[in-house]
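Asks: If you read the sequences in order, they're chains A and B.
Note that my numbering has the first sequence beginning at 1, numbered continuously upward.
Note that my numbering has the second sequence beginning at 1, numbered continuously upward.
You may find that some hints are simply not true.
Capping the alpha-carbon separation at 25 Å, the derived lysine to any residue pairs in SDA-like fashion look like this [stated by the list, open to error]: (1) Lys253(A) to Val33(B); (2) Lys274(A) to Lys292(A); (3) Lys442(A) to Asp425(A); (4) Lys253(A) to Tyr31(B); (5) Lys369(A) to Ala413(A); (6) Lys146(A) to Val30(B); (7) Lys315(A) to Glu37(B); (8) Lys48(B) to Lys146(A); (9) Lys212(A) to Leu12(B); (10) Lys76(A) to Arg105(A).
Worth flagging that the hints you see were computed from the coordinates, not collected in a lab.
Note that the coordinates shown come from a computational prediction; the quantities given were computed from them, not determined experimentally.
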Amino acid sequence: MKAEQFEQLLECLTGTPVKDLSDSDKQFLSTALSDDSRGVDCSQFNELLLIANKDRVEQLFFRYFFCAGDTASEPKCEIRDIAKGVRRFQTAAMLCFGNFIYAYRTLSRLTSETELRRELPGYCRDPQHLIKRFKSRKETVLEIEKVPRDETHLMGYLSASEVVAEHARASRLHQILDDVTGKRTWTALDRALATGIADPTERQELSRLISKFRKRTSSPPSPDDLKRTISESIPILDELLGKLRNTQVKGEKNTDVYLTWDHMDIYFATSMRKRWEYEDLYDFVSEVMRDKKLQSLNPRHFDPTQSFEKNRIDKGLIESLMLKRAACTVYSVQDTDTLGKDSELAATLAQGKPVIAYAPTIDVDTRVKQLIGQRPVVLKERLQFVHVADESFASRFAGQISLINDFVDKMDAFEAKMLWKSVSDPGAVGKFTRENSVDLKKFCRIIAESEKVIYEKRALTLQRHHPLAIQVNLDTGVANGVLVARNPKTCVELLFRILTNQLEFDVEDDQQTNCWLLVERLTKSVFRVVTKDRKLTNCFWNFYRREREYEDDSEG
Amino acid sequence: MTQKAKSGPVALSQKLREARASWEHQEKTVYTVEALEREINERLVSQKDSSKKENSGD
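Next comes chain A alone, as it looks inside the complex:
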């Protein structure tokens, strides 16, 4: 090893440059480092440090970072392996200290392993011990009662309000039809509506419902036909309302169960409004959590599709508690940022815990197959989302705008005949799918291609551009970055590695950002950073570390 190379390594180790070396110092170093295969012990390493005007290290530090696993009483490190030791130290320093100067100053002076473990809590935990601990956990006393996939959306306000409103409208319309005196004609029904419903918006809603019904068939239907149809719909809407009540009760009980669990490992952060958002998340959580590798640890997770809380203040408190208890958060990137889930991402990072941001890689052909067969109203909603989230939508699909417009009209025409938003008619949807198969395929491909662009861009933003993708642990000052996963399998692997302390890293000296980056190997995500800006470093640590030391002293 050349003396200059050693000087650079010492700068990485201590966080400050090697200064004022005389020619003779440099000559000493060149001679001492000339044989790469030469083993040096702690005492000899300290002599090299002193030649370079750097502070000595304790035996514990030398053994831990430079002779990993060597149990000899006087362990040695070959000259060629000094760089590896420095990288090990940098990794630990970036993970637990967020800078090199304080890390070196603190760790190099420690003399007991207990102290070392205390200073490096996230670095020293033994993976095998953690796995054993997970496997020896007992089952929960209480388990949640699973809400089926196709009922999870009932936990959301939009679906619930739709079900309740349509149920009430059907019942009221049935009553008004009963109350029509004399001959039951459309005009008589209109008159009954005018006096029977006080609220103009609701009157309009019921008129729209009647108009939909009248357009449904080629032969003109009568008010008696409407009454028959409403009578047939009421039991279906009754059943749905019953399901809604049950789901809410189940969700509330599940929330209580989550609160009582003695362990909580994974929190899934998301924002859900539409039915398909609930179902997409349900599918994702299920795929991740049923993976055999993760299952072997039997981890506990909080699934928001299974939990309900009607009080907005309690809901916020419950989520905050889950964020405090869970070891990590999985954040669904989805198509838009929302205050709720973004706050959860920030709260996790501010506690120094890892966040996995899941932005799915879209396989267009597979996605087209998934989209075909969905109810037109859902396809239109998905189009709305990509249209808003994909800034280049209009220019990319400029040649297909007519097709999109015409197809939206077809979907609107289909939905105009559907009496209820909350009740789907699989037969009618199937017929629509068959009759419009060519255009439907083209339309779904447009949505899929746009989704692909959106998720690629959002993943790149989180991985490379967004300043808030790296946030500071408010307790320690350590800057934490988000791990960006592009498929459920990677999420599983990351979760396993996080829970068992087996994440792997590369240390990168990044010229572009003028920072040291700790890059997670599986996803190439920036997990920790250390800035090289001296002014910022000095100001930052004067307030973070010094204040912490001051607080510690005050407590003592």
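Given the coordinates of chain A, assemble chain B onto it according to the supplied hints.
Replies: Only chain B this time, still in chain A's reference frame:
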């Protein structure tokens, strides 16, 4: 409006904007079935019942 203009990106934006606006308007996260029922049933009462309610000072 020409056929071409009707099927252009502006027409599409208008169609989608209208639907999205209604979705944004409805964004809430908490509810009870009872509260939702109360809300809708209040809107569905007859004019006669509505005036009775107003006169009773409820």
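Asks: If a hint holds in the structure, say so; if it does not, say that too.
Replies: These are the hints, each one checked on the structure:
1. With a C-alpha separation of about 16 Å, the suggested pair Lys253(A) and Val33(B) falls inside the 25 Å cut-off, and the hint holds.
2. Under the criterion of a C-alpha separation no larger than 25 Å, the hint pairing Lys274(A) with Lys292(A) is inconsistent with the structure, at around 30 Å.
3. For the proposed pair Lys442(A) and Asp425(A), the alpha carbon gap of about 23 Å is at most 25 Å, so the pair holds.
4. Between Lys253(A) and Tyr31(B) the alpha-carbon distance is near 16 Å, which keeps this suggested pair within the 25 Å criterion.
5. For the hint pairing Lys369(A) with Ala413(A), the CA-to-CA distance comes to about 23 Å; that is within 25 Å, so the pair holds.
6. Of the supplied pair hints, the one linking Lys146(A) and Val30(B) holds, its CA atoms being roughly 20 Å apart against a limit of 25 Å.
7. A C-alpha spacing of about 22 Å is found between Lys315(A) and Glu37(B), which places the hinted pair at or below 25 Å, so the restraint holds.
8. Simply put, Lys48(B) and Lys146(A) have alpha-carbon atoms about 45 Å apart, too far for the 25 Å limit, and the pair is violated.
9. Restraint check for Lys212(A) and Leu12(B): the C-alpha separation of about 23 Å stays at or below 25 Å, so the hint holds.
10. With a C-alpha separation of about 22 Å, the suggested pair Lys76(A) and Arg105(A) falls inside the 25 Å cut-off, and the hint holds.
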